[in-house]
Structures are given as C-alpha cells and as structure tokens.
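Asks: I would like the entire structure built from these sequences, with the hints used as guidance.
Chains W and E are the protein sequences, given in the same order. For the first sequence, the residue numbers in this note's numbering are 35 to 620. For the second sequence, the residue numbers in this note's numbering are 4 to 314.
Just so you know, these hints were derived from the structure itself, not from any lab. Glycine included, each C-beta is placed from N, C-alpha and C at the ideal position. Keep in mind that the hints are not guaranteed to be accurate.
Claimed, not checked - Straight-line Cα separation of at most 25 angstroms, BS3-like style, residue types lysine-lysine; simulated pairs:
1. E/Lys44 to W/Lys172
2. E/Lys44 to W/Lys196
3. W/Lys250 to E/Lys44
4. E/Lys44 to W/Lys75
5. W/Lys222 to E/Lys44
6. E/Lys44 to W/Lys184
7. W/Lys531 to E/Lys44
8. E/Lys233 to W/Lys250
Said to hold, decoys possible - Reference excerpt, derived from the structure (chain E facing chain W, CB under 8 angstroms, subset only):
9. His45
10. Ala46
11. Gly262
12. Gly268
13. Asn272
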Amino acid sequence: MHLFTRFGVSAMLAVSFMISGCTPRNKGDTGNTFQTYQPSKVKGLDPIYADDLYSGTEVGRVYEGLLQYHYLKRPFVLVPNLAEAMPELSADGRSYTFKLKKGVLFQDDASFKETQGKGREMTAEDVVYSFKRLADPKLVSTGWWIFEGKIEGLDEWRDSAKAGAPDYSKPVSGLQAVDRYTIKITLKTRSAQFLYALAMPFTSVVAREAVEHYGKEFLNHPVGTGPFRIAEYDRNSRLVWVRNPTYRTELYPSDGEAGDKEAGLLEDAGKPLPLVDRVVVQIFEESQPQWLSFLSGRLDATGIPKDNYGEAIGGNKDLTPDLVKKGIRLYKNPGIDVAHTTFNMKDPLLGKNKLLRQALSIAYDVKPYIELFFNGRAIPAEGPIPPGVSGYDPDFKNPYREHNLAKAKELLAKAGYPDGKGLPPLEYVTTSNSTSRQATEFLQKTFAAVGVQLKVTTYSWPEFQAAVKSARGQLWSFAWNADYPDAENFLQLFYSKNASPGPNDSNYSNPEFDKLYEKSLTLLDGPERTELYRQMARMVAEDCPWIFELHRSIFSLVQPWLKNYKRHAFEHNTAKYLRVDPALKK
Amino acid sequence: MFVYLVRKLIGTIPTVFGVALIVFILFNMVGGDPTYQMLGKHATAQQIAELRHELGFDQPKYLQFLQFLKQIVTFDFGRSYATKQQISTMILDGITPSLTLTIPAFFFTTLISVLIGLLVAYFRGRIVDKLTVVLCVFGMSVPVLAYILFSQYFLAYKFGLFPIAGYDPEWPDRLVYVALPILISVLVSVGYDVRFYRTAILEETGQDYVRTARAKGLSEPRTYLKHVLKNSMVPILTNLVMEIPLLVLGAFLLESFFGIPGLGGITINAVHNSDFPVIKAMSVFMSLLYILGNLLTDITYTLVDPRVSFK
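Replies: This is the structure we're talking about:
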C-alpha cells in the first residue's frame with residue numbers, strides 16, 4: 035500500500051515538474067517586444083464598441099482615426115493621423131474639410147477579394163462609411179453619443195434606418211466625400227469638442243469589405259490601417275500584435291514639451307514607427323500575477339496594485355531601494371477624473387435642502403480617505419474639473435470642502451437638523467465588493483461625527499447601475515474619467531437635459547447653469563469659455579449636488595529597457611512610440 | 004436499459020423547465036438592466052427605451068419566458084450582450100482550458116485520495132491514521148486563496164518552477180501553464196476526499212465478507228483491493244460522478260489568478276455584466292450536465308454492484 039501511495043504522489047509531482055520544466059515557447063519573439071497587460075478581458079476589436087479603456091487600447095493598435103493626440107505635448111493637443119493636416123474650418127465654424135493622406139493601405143486580408151487579399155487604399159468613402167456605421171441603430175454602438183445631434187443629416191439617416199435596413203448609399207448632407215482624398219463634415223452648430231471625437235477609437239476607419247465579409251464576427255477580425263496587426267487573439271487570455279508590414283511611413287515626433295529632450299524622449303525623433311516588432315498583451319484579472327510578472331521582467335510597465343504599494347513606494351513617496359537597484363523608473367501623472375459622492379436631487383429631502391448637502395460636504399474629511407484607500411495617490415477635489423483640463427482653476431477653494439465639523443454642525447442646525455436630530459437615516463446605495471464595503475464604513479463614521487446616520491443598501495454591480503440610473507436611494511459614490519481633455523466633459527454631468535438615465539445621475543437641474551453650459555458649447559477655447567467653465571464649476575460647488583472628493587494620481591513603474599515611455603491619458607495608440615533596448619533586457 | 008434511459012431522459016424535462024423558471028425569475032428580480040451596460044455611460048432615456056424594445060424587454064414576461072424555452076430547445080442562445088460574441092463559441096472556447104485544468108486535477112486527486120483512504124483505513128486508529136486526519140482537516144481549513152497566493156509567490160516567482168500566469172492553447176505548451184493550478188487544485192481537494200473515502204472504506208471493513216476473506220487466508224492488501232475497494236465503490240462513484248459537471252465549469256479563482264481562459268471566468272463575467280444570454284446558456288448547460296452526471300451514476304452502479312438493476 036505504501037508503494038501505491040508513494041507512486042500516486044510521485045507520479046503527480048513528477049508530471050507537474052516535468053511539464054513545468056519546459057520553457058514556454060515565445061513564438062516569433064525577436065526580443066524587440068513590448069510586453070504589456072490588460073486588467074480585464076477584452077470585449078472585442080470592433081471600434082464602434084470600444085467604450086472601455088481596455089478595448090479602446092487594443093483597437094488603437096490596429097485602427098486609426100482622422101486625428102490623434104500628440105504623444106509628448108502637454109496640455110494635450112490634437113494632430114493629424116489619417117488626415118494629412120488639421121482640417122480647414124469654414125467661416126461659420128460649422129464645416130471641417132479634411133484632406134486625407136494618400137497611399138494609406140488597409141492591412142492585407144482575405145476580405146479584399148478584388149485585390150486577392152492585398153489591402154487596398156483607404157479613401158474618403160471609407161471615412162463616410164465608418165461614421166455611418168457608428169450611427170447605424172441596428173448595431174447599437176456604445177459610441178453614438180459623440181455624433182448624436184451634431185452632424186447635419188446624420189440623426190435623420192439614423193432615424194430612417196430604424197424603420198428598415200440601414201441604407202449606407204443614402205447620402206448624409208453633413209458627411210461628404212468630396213473626392214477620393216477629401217472629406218467635408220458639416221455640423222448642425224459650432225462645437226468646440228467635435229474634433230476630439232475624431233481621435234477616439236469609435237471613429238476609427240474600417241473597410242466595408244471586411245465588415246461585410248466577417249459579418250457579426252467582424253469584432254474578432256480586425257482589419258485596419260494601423261501600425262500593428264493581430265497574430266494571436268484570445269480575448270480572455272492573450273493578444274499578440276506584430277508589426278504591420280504595409281504600414282505607411284509615420285515618424286516619431288521631433289518636438290515635445292519642456293524637459294522631454296533631457297528625459298531622453300526625443301532620442302528617436304524622426305524614426306519610422308512602430309519601433310517595436312511585437313506587442314504581447316497578457317490579461318491579468320488579479321493584481322498578484324501582474325505584479326509578480328513585472329518583478330520578474332515579464333512585463334515592461336505596470337501600475338502599482340494597492341496591496342503591493344508598500345513594496346514599491348517608500349515613506350517619501352519615491353521608489354523603494356530594491357526597485358531603484360533594478361533600474362525601475364517611477365512616473366507620477368494626474369488622472370483626468372473626479373471621484374464623488376452624489377446626492378440624489380430628485381429626493382425630496384436632500385434635493386430641496388441645500389444647507390443639508392453643504393453640511394454633509396463639509397463634514398466629509400477626504401484626507402484620511404485618500405491615505406486609506408489610495409495610499410495617498412490622489413489630491414482633494416475642489417470642484418468637478420480636474421487639473422490638466424482647460425477650465426480648471428488652481429486658485430479656487432471650495433468653501434464646502436474644507437473639513438470643519440463645527441461649521442458642518444452649524445449648517446446642519448440651519449438646515450433644520452441640529453446634531454442630526456430629526457433627520458432620518460439617509461439611504462446610501464453601493465456595490466457589494468470589499469473595497470466598497472470599507473469605503474461605506476468610512477462614510478458612515480464620517481457622517482456619524484455630526485449625528486447623521488446612513489442606511490446602507492448593497493447591490494451587485496448591474497443592480498447598482500440600475501438603482502443609480504433610476505434614481506433609487508439618496509446618495510451613492512462614483513467616479514468619472516474624462517473622454518477628452520475639455521471641462522465640458524465634466525460639466526455635462528450637471529446639465530439638466532442629461533438627467534437620469536443619462537450621465538447627470540444627481541439629476542441636478544439649474545436653468546442658470548444650463549444657460550451657461552449651452553452658451554459654452556458654441557465657444558471655441560479661449561478666455562471667454564474658460565470663464566464660463568469656472569462660473570459653472572463655482573455654481574455646482576455652491577449648490578453641492580455632489581461631494582467633490584478627489585482626483586486620482588496615476589503611478590506607473592517602467593523597466594529600465596523600455597524607452598520613450600510617457601503616459602498619455604487619452605491617446606490609445608501609444609505602443610508605436612515605445613522602444614525596447616534588448617541589451618538592457620538581457 | 005434503453006427503456007430506463009428514455010424514461011430518465013423524459014424525466015429531465017420538468018427539471019430543466021424548473022431551472023429555466025428559477026433563472027428567469029431571479030434574473031428579472033435582481034439581474035439589473037443589461038441595457039445600461041450595453042449602451043455605455045452616455046445613454047439617453049430614448050436609446051435605452053429603443054434597445055429594450057429591440058431586445059424584447061418590453062414584451063410580457065410570459066412571452067420572454069417562452070422565448071427562453073425556445074432557446075433551450077434549439078440550444079441557440081444567440082450572442083453575448085456584453086461582448087457580442089457567439090455564445091456557443093464562447094462555451095466551446097472555454098471548455099478546453101477548463102478541462103485541461105480540471106481533468107488532470109480530478110484524476111490525481113481521486114487516485115491519491117483513494118490510495119490514502121485505503122491506507123489510513125488499513126491503519127485505523129494508529130498514528131498514521133490520526134496524523135492523516137489532522138493533516139486533512141488542516142488542508143481543508145486553509146482557504147484556496149491562501150494556497151494560490153503562497154504557491155504563485157514561492158513556487159512560480161521565487162523558485163521559478165512554474166510560469167507565474169498565462170496560457171498557451173497549443174499542446175504540450177498548455178500543460179506548462181496549468182501545472183501549478185493543477186497542483187493547487189489537488190492540494191485543496193485531497194483533504195476532503197481522503198476523509199470521505201476513508202469513511203466509505205471503513206464502513207466496509209467491518210462487514211462479514213471481510214472477516215470471511217481474512218478467514219480464508221487472503222492477504223490484507225488483496226482483501227482491501229479485491230473486496231473492500233470494490234464494495235466501497237458506490238459512495239465513491241456517487242461522489243466522483245457528481246463532480247463531473249463542476250469539471251466543465253472550471254475553477255474560477257484558479258482561472259482568474261493564472262490567466263486561464265476557462266468557463267469559470269466567462270460565467271462570473273456574465274453575472275457581473277448582467278449578460279443574460281450567457282447566464283441563461285450556462286445555467287441550462289450546467290443543469291443538463293448535472294442530469295447527465297446523475298444518469299451516469301445510475302449506470303455505473305450496475306457495473307459495480309450486481310444488486311442494482313434498471314428496473
């Protein structure tokens with residue numbers, strides 16, 4: 035019997051060690067590979083559904099739009115991508131005329147039957163087709179909002195398509211392929227934000243042949259004009275991109291912002307892109323394997339998981355000596371976001387009592403919250419607009435965001451609830467994960483200090499979303515990441531026409547605010563618009579539909595062999611600029 | 004046997020109907036609204052209403068349920084709301100990685116557990132038995148997460164014996180990636196299984212036929228292997244066959260930590276995303292597997308116990 039038992043154990047261990055002793059094959063790896071990760075499964079590779087950061091990043095490797103962000107310049111600035119130059123704007127500010135680059139080829143693919151699988155040239159008709167596809171109601175794109183109500187005739191085209199099959203040959207007055215390389219886009223009214231839409235993955239240019247050839251499976255067969263093409267695709271586990279051999283000549287930028295040259299970010303200026311041969315993307319849904327892979331050199335860059343913060347960052351908020359010894363670099367960048375606790379303004383108690391909202395806002399102490407939940411990687415928010423976005427006012431101090439219990443109690447008394455007496459427990463809705471539970475306990479403790487009790491209702495994520503969208507509950511916490519670097523993207527969260535189930539989930543409604551917001555939409559970037567943005571920010575700070583909590587800071591760690599790294603909050607196609615130094619990698 | 008099988012299969016219809024009804028009611032009560040997920044954060048009330056209409060959510064509930072039943076009969080659940088992928092392809096893609104992990108783990112766990120079970124039953128009440136039971140209880144008490152974190156850190160990262168995470172669909176490379184999850188899975192399961200098999204075997208060692216076998220002069224190993232083991236097979240088989248559906252479902256935590264693209268992760272993501280078509284498909288698929296597992300148990304009983312027949 036002993037023999038049998040020993041055999042069983044040894045057989046299993048032997049097989050385990052035998053197979054683990056084999057080295058996983060790095061098929062096609064020339065050493066010039068950028069190794070990266072995604073913290074979530076990739077939904078698919080169809081641009082019109084790329085509404086999350088992860089899908090957007092992967093879509094950005096293979097597809098391109100008319101515009102892109104300059105990789106190095108800050109504040110963020112748009113530059114041409116498939117367009118030859120920035121568009122000409124008509125005198126009335128409504129029409130943009132783009133000249134397209136000539137000789138841009140779609141990647142070779144079996145769907146190009148007329149050219150026997152060779153990728154054909156991208157033209158203005160492809161741009162029109164791709165934009166109509168985004169508007170196609172049958173496809174239920176998550177990106178329609180960027181065009182909705184903006185392009186002349188496109189909403190009407192969409193409405194007519196709802197009744198029957200969408201007719202892509204039907205012209206749209208605001209989308210004209212003037213000739214093979216010229217496209218004219220006419221807007222209903224002037225929009226300062228419109229051009230940002232043309233740098234988002236949603237507006238990437240696709241080939242009609244590929245869409246029709248693959249049908250519903252198009253999302254698994256990307257055929258773009260970008261620097262990489264897919265070589266291995268398992269959306270749940272690993273994606274491997276390889277250099278696109280038919281990619282046009284695009285060069286590494288020759289200028290950046292102050293300090294870029296000294297940081298070595300202009301060493302590859304003028305070199306053709308992409309600089310790496312392959313991009314290997316591993317899906318890590320848990321932080322431990324992500325962190326250990328980085329430490330063992332199998333990831334070239336990473337964020338710092340909350341649980342590993344102490345291993346990476348010392349008391350002085352710099353890298354620990356162990357990581358410094360390995361040559362790892364630390365980058366700190368502001369996140370273009372705002373985390374907040376929302377008051378449901380439809381609620382008869384909170385919605386009608388501004389003093390109560392102000393009291394709760396002033397009772398909330400964000401500093402310990404930032405230390406406890408973000409390891410100090412955030413700054414307190416004074417209003418809805420984060421730093422790095424035009425309209426942000428560094429001098430503005432929100433009078434209801436200084437933590438002051440005495441003042442909070444005074445306001446509470448004025449609101450009709452001295453020491454919280456007479457105030458029923460407020461219903462706080464939240465999700466059921468452990469971080470949310472801990473954050474809820476923090477909030478309960480904070481409000482208890484002024485005598486306000488919370489009644490907590492926990493939901494699964496889908497239920498929580500449904501609760502917020504249908505304005506159930508009295509308050510909840512959320513965060514908003516910017517879609518583009520314009521304060522309008524944050525201020526629209528208070529526009530009454532965006533109320534639930536739209537993005538204004540506090541259901542804040544202020545005609546004065548709406549008037550300013552609508553006026554700001556017609557203005558281009560300049561002092562007048564900035565002043566309007568600031569007025570609106572001060573208005574919501576006074577009305578307190580949210581407790582403005584914090585703007586996150588993003589800490590990234592980068593291996594010594596990865597060159598040209600500079601975090602970009604909006605550009606999805608940054609892998610093409612990265613370079614790997616194989617000598618350092620060894 | 005044929006008549007028995009047909010009768011059993013017909014008997015599954017109300018079970019599947021019941022599962023479908025429960026899933027449908029639960030989803031409609033607590034499943035959230037998938038349209039919010041599908042349309043993204045900028046969706047307007049009009050778009051939500053249009054999509055709800057498109058998906059048939061504004062139809063009476065009984066019609067929606069009938070549609071669900073039709074999907075079960077045709078086994079065509081369409082596409083995932085969240086990923087737009089064909090659900091049958093998602094399931095087929097997920098099964099192989101799950102089975103690559105769970106089948107070897109199941110095989111080694113069973114082999115080791117039965118052998119240890121026999122051994123400790125043989126040494127009942129002695130130090131080997133007591134120590135094994137203590138170790139089993141200890142092994143069962145340690146959470147699976149602790150095994151994963153510890154093994155991934157030391158065996159994979161520190162000692163480099165295994166890859167930290169990842170998966171390769173090609174053979175034999177995929178074995179490299181599933182080796183550590185298999186080892187963890189065996190360690191996690193072996194404690195419970197040894198205790199279960201020990202009890203089942205001990206039940207038999209006190210029987211008259213064991214005394215007779217010994218009286219006939221059979222050696223102890225022969226008595227245990229030829230008589231005791233065979234007669235302990237009914238509870239052992241019941242336990243084993245009921246585990247088969249779970250093999251297909253995979254092991255969510257292991258898949259998640261080791262980056263294995265199995266069905267466990269697909270199912271959890273579907274729940275998280277309110278992805279009703281995937282939830283429906285997986286619930287029906289799992290219930291059918293359970294029913295099949297039960298049927299298989301009944302059949303295997305007749306193989307190990309001649310007293311059981313298909314009447």
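Asks: Out of the numbered hints, which ones does the structure contradict?
Replies: 8
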